[in-house]
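Here the protein sequences line up with chains X and S, keeping their order.
When the letters of the first sequence are read in order and numbered with this note's numbering, they come out as residues 1 to 329.
When the letters of the second sequence are read in order and numbered with this note's numbering, they come out as residues 1 to 599.
Among the hints, erroneous ones may be present.
Below, in silico cross-link-like pairs of lysine to aspartate or glutamate (DMTMM-like), each with a Cα-Cα straight-line distance of 20 Å or less [what the hints assert, rightly or not]:
(1) Lys-328(X) x Asp-86(X)
(2) Lys-160(X) x Asp-354(S)
(3) Lys-323(X) x Glu-312(X)
(4) Lys-468(S) x Glu-403(S)
(5) Lys-480(S) x Asp-354(S)
(6) Lys-137(X) x Asp-99(X)
(7) Lys-41(X) x Glu-185(X)
(8) Lys-41(X) x Glu-221(S)
(9) Lys-346(S) x Asp-305(S)
(10) Lys-302(S) x Asp-354(S)
(11) Lys-584(S) x Asp-569(S)
(12) Lys-300(X) x Asp-551(S)
(13) Lys-570(S) x Asp-392(S)
(14) Lys-104(S) x Glu-78(S)
(15) Lys-160(X) x Glu-521(S)
(16) Lys-137(X) x Glu-168(X)
(17) Lys-160(X) x Glu-240(S)
(18) Lys-542(S) x Glu-304(X)
On the chain X side, residues computed to face chain S include the following (Cβ under 8 Å) [stated by the list, open to error]:
(19) Arg-32
(20) Gly-34
(21) Asp-110
(22) Asn-147
(23) Gln-154
(24) Val-169
(25) Arg-176
(26) Gly-228
(27) Asn-232
(28) His-235
(29) Gln-236
Just a few of them, taken from the derived set where beta-carbon distance is under 10 Å, the chain S residues facing chain X [said to hold, decoys possible]:
(30) Glu-11
(31) Glu-13
(32) Phe-68
(33) Ser-74
(34) Gly-213
(35) Asn-245
(36) Glu-451
(37) Ser-453
(38) Glu-507
(39) Pro-511
(40) Ser-513
I should point out that these hints are in silico values taken from the structure, not numbers from a laboratory.
For glycine and all other residues, C-beta sits at the position ideal for the given N, C-alpha and C.
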Amino acid sequence: MAISRREALTRLGAAGLVLGSAAAITRASFDRGGIDIASAKGKPQVRDYRVPADGALPSMAIAAGADPLNVEADRDPASLTRRAIDALGGMRRFVSRGDVVVVKPNIGWDRTPLHAANTNPRVVAEVVRLAYDAGAKTVVVTDASCNEPNRCFQRSGIWKAAYDVGAEVIIPAEHRFRTMRLRGEVLDEWLVYTALIEADKVINVPVAKHHNLSGYTGAMKNWYGSLGGRRNRLHQNIDVSIADLATFMQPTLTVLDATRVLMRNGPQGGNIADTKELHTVCASIDQVAADAWGATLIGKTAEEIRYLAMGEARSLGVVDFAKLAPVKA
Amino acid sequence: MAERRAVKPAELEGALAKLRARLGLSPKKRPGSGLPARKLIRGLVWARRATQLGLFALFSWLLFQTGFRGSFASDATEVRLPYPVEAFLLADPFVAAMTLLSTKTVYRGLAWSLGLLLVTLVFGRVFCGWMCPFGTLHHFFGWIFPSRYLKGGSRVEQNKTHPVRQRVKYYLLYAFLAASLAGSAIGGLFDPICIAVRAIGLGVLPAMQYVTGTATDWVAETGSRPAMRVADGATDFLAETVYSNEQPYFHQTWLIVISLAAILFMNRFVPRFWCRVLCPLGAFLGVFARFALFGMEKDHSKCTDCNLCLVHCQGADSPQGGVKWRQDECHMCMNCETACPEDVIKFRFLPKRDSTLSVPDTQRRTALTVAAAGAAAIPAMRIADVIDANYDHRVIRPPGSVEEREFLERCIRCAECMKVCPNNALHPAWFEAGVEGLWTPILIPRIGYCEHSCVLCGEVCPTGAIQKITEAQKLGIGQKPISIGTAFFDHGRCLPWSMGTPCIVCEEFCPTSPKAIWVEEVDVPKRSATPGPEGQEPPMEKVHVQRPHVDPSLCIGCGACEKVCPIQDKPAVYVTSVGETRSKTNIILLENTSYTQKG
Numbered sequence: 001m002a003i004s005r006r007e008a009l010t011r012l013g014a015a016g017l018v019l020g021s022a023a024a025i026t027r028a029s030f031d032r033g034g035i036d037i038a039s040a041k042g043k044p045q046v047r048d049y050r051v052p053a054d055g056a057l058p059s060m061a062i063a064a065g066a067d068p069l070n071v072e073a074d075r076d077p078a079s080l081t082r083r084a085i086d087a088l089g090g091m092r093r094f095v096s097r098g099d100v101v102v103v104k105p106n107i108g109w110d111r112t113p114l115h116a117a118n119t120n121p122r123v124v125a126e127v128v129r130l131a132y133d134a135g136a137k138t139v140v141v142t143d144a145s146c147n148e149p150n151r152c153f154q155r156s157g158i159w160k161a162a163y164d165v166g167a168e169v170i171i172p173a174e175h176r177f178r179t180m181r182l183r184g185e186v187l188d189e190w191l192v193y194t195a196l197i198e199a200d201k202v203i204n205v206p207v208a209k210h211h212n213l214s215g216y217t218g219a220m221k222n223w224y225g226s227l228g229g230r231r232n233r234l235h236q237n238i239d240v241s242i243a244d245l246a247t248f249m250q251p252t253l254t255v256l257d258a259t260r261v262l263m264r265n266g267p268q269g270g271n272i273a274d275t276k277e278l279h280t281v282c283a284s285i286d287q288v289a290a291d292a293w294g295a296t297l298i299g300k301t302a303e304e305i306r307y308l309a310m311g312e313a314r315s316l317g318v319v320d321f322a323k324l325a326p327v328k329a
Numbered sequence: 001m002a003e004r005r006a007v008k009p010a011e012l013e014g015a016l017a018k019l020r021a022r023l024g025l026s027p028k029k030r031p032g033s034g035l036p037a038r039k040l041i042r043g044l045v046w047a048r049r050a051t052q053l054g055l056f057a058l059f060s061w062l063l064f065q066t067g068f069r070g071s072f073a074s075d076a077t078e079v080r081l082p083y084p085v086e087a088f089l090l091a092d093p094f095v096a097a098m099t100l101l102s103t104k105t106v107y108r109g110l111a112w113s114l115g116l117l118l119v120t121l122v123f124g125r126v127f128c129g130w131m132c133p134f135g136t137l138h139h140f141f142g143w144i145f146p147s148r149y150l151k152g153g154s155r156v157e158q159n160k161t162h163p164v165r166q167r168v169k170y171y172l173l174y175a176f177l178a179a180s181l182a183g184s185a186i187g188g189l190f191d192p193i194c195i196a197v198r199a200i201g202l203g204v205l206p207a208m209q210y211v212t213g214t215a216t217d218w219v220a221e222t223g224s225r226p227a228m229r230v231a232d233g234a235t236d237f238l239a240e241t242v243y244s245n246e247q248p249y250f251h252q253t254w255l256i257v258i259s260l261a262a263i264l265f266m267n268r269f270v271p272r273f274w275c276r277v278l279c280p281l282g283a284f285l286g287v288f289a290r291f292a293l294f295g296m297e298k299d300h301s302k303c304t305d306c307n308l309c310l311v312h313c314q315g316a317d318s319p320q321g322g323v324k325w326r327q328d329e330c331h332m333c334m335n336c337e338t339a340c341p342e343d344v345i346k347f348r349f350l351p352k353r354d355s356t357l358s359v360p361d362t363q364r365r366t367a368l369t370v371a372a373a374g375a376a377a378i379p380a381m382r383i384a385d386v387i388d389a390n391y392d393h394r395v396i397r398p399p400g401s402v403e404e405r406e407f408l409e410r411c412i413r414c415a416e417c418m419k420v421c422p423n424n425a426l427h428p429a430w431f432e433a434g435v436e437g438l439w440t441p442i443l444i445p446r447i448g449y450c451e452h453s454c455v456l457c458g459e460v461c462p463t464g465a466i467q468k469i470t471e472a473q474k475l476g477i478g479q480k481p482i483s484i485g486t487a488f489f490d491h492g493r494c495l496p497w498s499m500g501t502p503c504i505v506c507e508e509f510c511p512t513s514p515k516a517i518w519v520e521e522v523d524v525p526k527r528s529a530t531p532g533p534e535g536q537e538p539p540m541e542k543v544h545v546q547r548p549h550v551d552p553s554l555c556i557g558c559g560a561c562e563k564v565c566p567i568q569d570k571p572a573v574y575v576t577s578v579g580e581t582r583s584k585t586n587i588i589l590l591e592n593t594s595y596t597q598k599g
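Please take these sequences and the hints and turn them into a complete structure.
Here it is, written out as C-alpha cells:
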C-alpha cells in the first residue's frame, strides 16, 4: 500500500535536512590540508611598563655599604635597596595608587641565599614593602624557575620574605603560560608566563652574577624567567635571545642586587667560596645601563658582554652608564 | 508485682517502637522474629562504616601529601615532609614479615606493624573489614557493581565459602614469604597497600590531573577572562591539595592501571574477589586470626536457613547455621549478626569454639610445593642476565639506595618514592631491572632529573631500600657525595662538538661544585649555510664554541644535563648507572675499586 503524501513529504524533508546539515558542517569545517610553516602574524605583543621620563630626577642610583664605622645599618640589604630607590625619587615615582605591581626576582635555582644564585630575599621584600607604601593594590612576586619551583621559592628564602610583607607569591604552573608574539630576531612566538604580564607595573629585581656562556647576567637575562616551554634552545644564540627578551619586556624599574655576587661558576654556583660580598644595590630605569654597571662588578667590560651593545642598538638603553650620571645613594 | 515489673519495659518498648515508626526512626525490622539486632552490634556496624570511610580518607590524604609543596611559612633549606605519608605501609605486617625474612632485620618504622598484629590477635581480621583502604574500595565496588546482576540466590551462592579459590591467597602468601627468604621482596607486587599507592598514585591521580588540565586548556581557548580566572583558581587549588605540582608522567603504567581496573571489575562476579582470593596480607592476618580473643558463636538450632547472613557477608566465611564459621576468612564486618533475624549469630569475647574453624584450610602438600616454587623462582629469575652478568645501564636507582641485591631484598614496589619525587624523575621499571625488578624505582633523566638537594625518596621509603640520607651525605659536604650514575657525551649529536653551535646548557645545570661538566674553549671551522656567488661552495667561517666534557670523578649522575639537553628526541648527553656509589663493581675509576668489600 502506498504511503500518504504527507508522510512521504515528511520523510523526504527529514532526509534532506540531515544531508543539508551534514553538508553545512562539512563546508564550515572544511580543511584543505597541506602544511604551512608561517611566522607569527600581527604586531609583536611588546610589554612596555616604563613611566614617562622625568628629566629632573636621576635615572640611575647606586647604594653601596661603604661606611666602616656603621657596618650593620649601612650594609643591610633592605636599607641599601631603600636608599637606591629613594635616590631616584622614591617608589611613588614608579607606582601609583591602586596599581597591580609584579616584582620579578631571580628565583631560578634551588640554592640558598648564601650561594648568590638567586636575588637576596631581603632586597625583594624591601621592594615589595616600598611598592605597598606607594599605594599598590597588589604586589605579585613570581618567576619561572629552572629547578623545581617549590624548592627554589622556599629555599631561596624569597617565598617567606615576600609573603611576610604581604606579597602574593605565585608558583609557576603549566596553565599560566600562554603563547605570545615576541617577533624578535630569534624569538618568534613563545610561551610567556602570564603572571608576569598581567600587571600595571613590573619591577625587575635581578641578581648580578657570572654566567659561563654570556659572561655576565643580571637585568636583561632575568627575562628568561618570563618564558615557558623549552628554554634550553635559547643558549644557541644567547646574546640575541637576551636582547629579544629585553625588547619584549621593558620594566618600570630595575633593582639590581649586588649585595653578594657570584664571581665564578655562574649562573648556578653552589659554592659559597665563589661568591663575594659587595654590599651594593643599583636602581635604574635603564636596564642596559644597569647591566653595563653590573658587569664591571665581576671584572667584565661592556664590550665583552655582547647583548649590551645589541640592547643599545635597539634603543633599550645606553651601555655607557656614566652618561646617565648615576648618583651615589 | 514481679510479673507487672517484667511486663512494663516490654510495653514501654512497644510504645516507643510505635512512636519511632511514626517518626520514621524505627530500626530496620529483620524478617522472621521482627526483632532488631543488638544495639551494640548495630552501633559497631556504623562504627565500622565510619572507620572505613575515615581511614580511606586518611589514606587518600596521605597520598595527596606525598610530594613536596613548598611553604610560604618556611625558608627552611632542609626540606622534609610534615606528615608520615607512608604510615599505612609501616603498619603492614606482611611488608614487615617479607623484609624480616629477606634482611633478617625490622627496618625502623616497620616496627609499627606490631600494632596491627596486636589488633588482629584481639579482634581477628578487623583490618580487612574495617581499616584496609583497598578493602574499602572493594567493599564499595562489591556493593555497586553487582547491584542488579548478583542478587538474592546468586549472591548467596557467591558468598558461601569456596575453599578451592579462597585457598589461593594462602598459597600466594607462602610463595612470597619463601621468595623473601630467597632474597626478594617481590611480594610487594601483591600487597594491597602497595597496589593502592601504586595504582592510585601513579595511575588514577595523574590521569585525573591530565583530564582537568585538558579542561583548563579548553577554557583558555574560549578567551574569556573571568572563566580563565576561575579555571586558574581551580587548577591552583587542586595543585595545592590533591595533584602534583606539575603533570606527572610515569613509564609504562598501563599495566598497573589495567590491573587495578580488572581487579575492581572482578567484584561484579565475586564480591570482594581480591580480598577473598588473592590478598596475601589478608592471608597473613588470617593465619594469626586463630589466636583472636573476639569471635563468633552460633546457635545452630535457631537457624531457619533464611541465608540473610550470606547476602551481606564480606569474607565468604560461612556465617550461616549448620556449618562451621571460618574465623581465618572473616573480615569481622558484623553484617551477619545485624542481618540474622533469629539470633543465631553472636559476636563476643572468648567465644566457644565448637562451631569454629580457626585454621586456614590449606593442603600441606600444596602449601609446601608453592613455597618451594616461590623460593626457587628467585634464583631462576636471576639466571636472566640483568643482575650478575649484564647489569642494565638504565637501572639508575634513587640516591641512597642500597646495593642491588639488598635493594631487591627490600624494595616492595610501593611507589612512594616515585610519587614523592618533585621532578617526576623516578619511574616504575618495566623489564629494565629484569622480571624480578618489575615496578622497582628507576630514574629516567629525560623525564626528570634528581634534584640536587632533595632527599625525599629515602624519607618515604618504608623498607630502607632507599636509606634516609642527609643533605650533607648527598651533596658530599665534608665527604664523598652520593653518585647514582655517570654522564656521557654523544659527540655526534652535541651542538658544540659536531655542529659548531654554542650551547652548554648541560654545564649551566650541572649542580656540583666544582662542576662535573667543564668546557674547553675552541675555535672550530664551520661552513656557512648560504652558497657563495655563482653557486660556489659556501665559504668557511671560524666560530668560537665551548665543548663540554665530563669529569667522572665529580659526576653524581643526577641527570640534570640529560634533562635539559636541547637535542629533544635523543639527548647528546645521557646518564647510565655506572659509577654509582652503592656498587663496588658497577664502576669506572680505579680509586673506587675495593675488592675487600662485598657487592
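These are the hints, each one checked on the structure:
1. Lys-328(X) x Asp-86(X): 11 Å, holds
2. Lys-160(X) x Asp-354(S): 67 Å, violated
3. Lys-323(X) x Glu-312(X): 13 Å, holds
4. Lys-468(S) x Glu-403(S): With a Cα-Cα distance of about 15 Å, the restraint between Lys-468(S) and Glu-403(S) holds, given a limit of 20 Å.
5. Lys-480(S) x Asp-354(S): Since the Cα atoms of Lys-480(S) and Asp-354(S) sit roughly 65 Å apart, the hinted pair is violated (cutoff 20 Å).
6. Lys-137(X) x Asp-99(X): 5 Å, holds
7. Lys-41(X) x Glu-185(X): 14 Å, holds
8. Lys-41(X) x Glu-221(S): Roughly 18 Å separates the two Cα atoms, so the pair holds.
9. Lys-346(S) x Asp-305(S): Roughly 16 Å separates the two Cα atoms, so the pair holds.
10. Lys-302(S) x Asp-354(S): 16 Å, holds
11. Lys-584(S) x Asp-569(S): 33 Å, violated
12. Lys-300(X) x Asp-551(S): Violated: Lys-300(X) and Asp-551(S) sit about 28 Å apart, past 20 Å.
13. Lys-570(S) x Asp-392(S): Holds, because 18 Å separates the two Cα atoms, which is no more than 20 Å.
14. Lys-104(S) x Glu-78(S): 32 Å, violated
15. Lys-160(X) x Glu-521(S): 41 Å, violated
16. Lys-137(X) x Glu-168(X): 11 Å, holds
17. Lys-160(X) x Glu-240(S): 17 Å, holds
18. Lys-542(S) x Glu-304(X): Distance of about 18 Å is within 20 Å: holds.
19. Arg-32: This hint is violated: Arg-32(X) lies away from chain S, its Cβ roughly 22 Å from the closest one there, beyond 8 Å.
20. Gly-34: It is violated, given that the least Cβ distance between Gly-34(X) and chain S is near 23 Å, above 8 Å.
21. Asp-110: Cβ of Asp-110(X) sits 6 Å from chain S, so the hint holds.
22. Asn-147: Check passed: Cβ of Asn-147(X) comes within 6 Å of chain S, closer than 8 Å.
23. Gln-154: 4 Å, holds
24. Val-169: OK, holds: Val-169(X) within 8 Å of chain S, min 6 Å.
25. Arg-176: 7 Å, holds
26. Gly-228: Interface hint status for Gly-228(X): violated (11 Å vs cutoff 8 Å).
27. Asn-232: Since chain S brings a Cβ to about 4 Å from Asn-232(X), closer than 8 Å, the hint holds.
28. His-235: Where the cut-off is 8 Å and the nearest Cβ of chain S is about 5 Å from His-235(X), the hint holds.
29. Gln-236: 5 Å, holds
30. Glu-11: With Cβ-Cβ at 68 Å, over 10 Å, it is violated.
31. Glu-13: 61 Å, violated
32. Phe-68: Status holds, d = 6 Å.
33. Ser-74: Check passed: Cβ of Ser-74(S) comes within 6 Å of chain X, closer than 10 Å.
34. Gly-213: 7 Å, holds
35. Asn-245: 6 Å, holds
36. Glu-451: 5 Å, holds
37. Ser-453: 6 Å, holds
38. Glu-507: Because about 6 Å separates Glu-507(S) from the closest Cβ in chain X, which is inside the 10 Å limit, the hint holds.
39. Pro-511: 6 Å, holds
40. Ser-513: 4 Å, holds
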